Amino acid sequence: MSSLRTESLVDVTMPQMGVSVAEGTVVAWRVAVGDRIEAEQTICDISTDKIDTEVPAPATGVVAELLVDVDQTVEVGVVMARIATGDGAAGAPAETQPAPAAAASAQTQPAPAAAVSAEGEPTAAVAAAGAPAAGPGRGDAPGRRYSPVVSRIAAEHGVDLSAVRGTGRGGRVRKQDVLAVVNGNGHAAAAEEPPLHIESPYRPDPPAAPRAPAAPAVVADGGLSRMRRQIGQHMKRSLDTAATCTTWAEVDMSRVQAARRTLGVTALAFVARATIDALREHPALNAWLDGDDYTRCEDVNLGIAVSLGDDGLIVPVIHRAHELSVEGLAARIKDIARRARSRELTADDVQGGTFTITNPGQFGSIMATPIINLPQVGILDLEAIVKRPVVVTDADGNDSIAIRPMTILGLSWDHRALDGALSAQFLATVRRRLEDLPA
Amino acid sequence: MAVMTYLQAISAALRDELRADERVLMMGEDIGVFGGAFKVTDGFAAEFGTDRVMDTPLAESAIIGCAVGAAVVGMRPVCEMQFADFISCGFDQLVNVAGKMHYRQGLAVPIVVRLPSGGGFSGGPFHSQNPEALFMHSPGIKVVAPSTAEDAKGLLHAAIHDPNPVCFMEHKHLYRRVKGEVPDGVFETPFSARVARSGSDLVVIAYGAMVDVALAATEDLEGASIEVLDLRSLVPLDEAAILDSVARCSKVVIVDEANMTCAAGAQVAALVAEKAFEDLDGPVVRVATPDVPIPFSPPLEQAVLPGVDRVKEACRELLAY
Amino acid sequence: MATETAQAAGSTAPASGHEHLRLEDRIWLLRAMLLMRGIEERAMSLYRQGKVPGSFYDGFGQEAVSAGAAFAMAPEDRLCILHRDLAAHLIRGVTPVRILSQYMGRAAGITRGRDGNVHFGDRSLGCVGMVSMLPDMMLVATGMAMAFKLRGERRCALTWFGDGSTSRGDFHEAMNWAGVQKLPVVFILENNQYAYSTPLDKQFAVDPVERAAAYGFTGVTVDGNDAEAMFDATREARQRAIDGRGPTLIEAVTMRMHGHAAHDDMKYVPKEQVEEWRRRDPVERQERRLRELDVDVDALRAEVAAAIDTAATEALAGPMPTPDDVLEGVFCAGEAEPLGDGQAPWSGFAAAGGGA
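Listed in order, the protein sequences are those of chains A, B and C.
Our numbering numbers the first residue of the first sequence as 1 and each following residue consecutively.
Our numbering numbers the first residue of the second sequence as 440 and each following residue consecutively.
Our numbering numbers the first residue of the third sequence as 761 and each following residue consecutively.
Think of the hints as simulated: they come from the structure by calculation, not from any bench.
Since the structure is predicted, the reported quantities are computational estimates derived from the model, not experimental observations.
From the structure, some residues in chain C lie toward chain B, with a derived Cβ separation under 8 Å:
| # | residue |
| --- | --- |
| 1 | Phe880 |
| 2 | Met893 |
| 3 | Met904 |
| 4 | Ala907 |
| 5 | Asp930 |
| 6 | Leu1099 |
The beta-carbon is built from N, C-alpha and C at its ideal position, and this holds for glycine as well.
Just chain A, same shape as in the assembly (with noise of 0.2 Å):
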């Protein structure tokens, strides 16, 4: 029975989020072993170094197999899980649903659930797949399935299956195993022969392991999120990567707090803006740096930096950003935080990155070392906008000492890229072209 099943099985693979992107983690399962599935259903969430999303199943049939446990990273391509689509579909829920859901199929569907009763050995096997927890390889794991041959023998010479250590692919109970076990040189567990006179279930200790430091007290949360664990991932290859450099300007942002009250939207749109006109002047700083190889890229794509509160951060992309007024740049920058906060950010929302600007200046900071998000080879940091004395030339040179709202821009670079004097440069034109928007 479980073996007709394996006819139709529709895999589940890791997707690929992103050109760059190897991995992926599954952070949960929305569906179990033996629930009918709907093709484009959703049927895990996952989380990669670029997004979060959910995967849309292959096909409509039944989960067969859940072959990554939550938590579990594995490359791009991974069979995650199985779909039974077809015929063998049809007497999966049967198997395996606990008993209410179990009694609903089978008013529907008598046939595959007497099947099962009638096959002996499988049932066992098949409905062990309850659970979806373990991976393959495991000596009870979940969906393990039998040959018809192993079956047979299983039940010959009442072996239990689950017990018996498979030697095929992904750990599968091949025959020779069970015969193994049947001849009596096979690892299953309850095969093992009572103790004889001399033998002691003694069995030395393992050896100790080493003591934990003495930690402070602790609120168990469970560490770090999934999110968390990337982030920093992520960053720490950066800092590992990138020669990095943080270089500060001064900007009076008088003529933006000015034009933003005019147009209505936030002075982010207006710094990208500029940034993008600084970047179309300064082209080497929109550029990928990956190893050796150097691109400058033609379009800007700019990342924005949208904070997820606690559980982290997320780069979306305005693609071809370099086409939009500030109007739109700052329309395009609500729309991909919205859609980031409500997790509805599709791959091609996060990839193509030429250049990003992290703004975490609403809570009054006013300078920081932003991290480059390589390959890209800077990122501008906004921070607050604050009021302050400064010292003022009017047209005739005469100086005064004016209020005014003044923020700082860092910009981090890759001194593997470019030098500081290009970075200054860059600097220079995001500022003057922030002083002199026109009144």
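The hints should help you fit chains B and C onto chain A, whose structure is shown.
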């Protein structure tokens, strides 16, 4: 015992039959004076005359139809299709007239249709086919396909002695490549399977030219014990031998040179699924030519015909399962 | 069959005004045609009563074609008989009860229920049953003739086929092969004007009898509604064949007076055409001849009708086949038995001491 090529064994069987039985008659295109496209009947016309080694008009339907007529009045015609592919032109006579005759009216039709079949030598789409499954699907026609010189002779004798229409699939690629000891005189090889090599971990089921491929592919598979079952006869199909091999080996690879869909191997696979289910320790694996006409150019042809590497890979995969 | 009547009526009669047919022979021809018509009418009646499965085909109006031709064939000759040629079966010796049983799919039918209505040939009487691809049998007949020639036997093979068959490749292949090898075979083209519903002008551009010359042998056209003319032409063709002068194509011009099968109302045939051919009915023509020779045709008719009644009663009482052995016999398990010899009632064979 004499060592003969597959081709010589076929010629020898025909010559023996012509000498032994005056009812035996060869009919085909260019088989008389010329000796046949593959020289199977070379020298026959001189020894037996052109009446008994007959150059017929270029008309496959007529060759089969006239053979049926001659057979029902007591002859033992052996027809040669110049290439097995050309049987499409004689299909109606073979399937509708010859195949149904005995069932309908108790009238036996003892004819043999020799079908030089198979590819591997840039014959292209009309000189490379393996049409045997068409006749497996047509009641009343026996189908045999030898892989060795000895079986080529023994099966041909048995086919000529058989009171029914028999399609004798002789693989062109084996004609001069296969050589072996052949017993002297007239002997019959039964229409049953033969264990070409016994084994216990996996059985490769094949016939015709694919038997050699199967043997070569499984000669050394990391020490695995691989059985090769040579079907020899497709109708009747030796169910007992197939089921016996599967019961012992539990893993089955079936190789056809024919196009995959509904090939002889598909019938074997169905048989195994139905009657050996509880002996299986893995999926029934098939290696066959994809459902395309056989292309001409060597790299294209080699890409579609099952070769040693594909069979090897299929066996490795299944062994690891 | 009431062979005795024929002998009583004809054995003492002098030459009847026909060079090769004695009076008894001419009565035989009428009897064969009356039996054919009577059996087919009864079978049609049984068909309408729901006793005949499948469809029903007859040769109404074409009786002379098979009667005249078959009557010229010797016991050792071999025939491939088509579905509008029932008289040939009767002349070879197939009894009416077996024919009616055959129509009804009964166990006593010639094929024991394995094939339908007119698809049969009694191998013990030297006949090979037809297949539905009608000109196929031309090749089988050619092959039989080939064997006769190879073995140096003075025998011939004969087959019928229709105007539609002339369009098929097997017609050409057989005509060509027989011409090339100068085989003792007689081809009877039963030109009954329609292949199912397709008239002649959609079947061929040249009268097929003219094609015989193209294949290197004789072609003759005969009034297919005259049994004695059919006999004469076939007798000559057979003589030509066994003398080693090659095949003959006889085009028997006739008319299919019923539809292609029982379901066919033949509305595609002009009424005038049917009326014209009705006046040329072959049974009535032979009856007129015999009445002029003072033969008691009414008695013959009564005898035939009684024989058919008896046969129908017996056939209806016969069992249907059981499926016990339905899977058996696909292959011949023992020795291949060649065809047997049929009856050959023509007095000419008896006079010659056999067919040759």
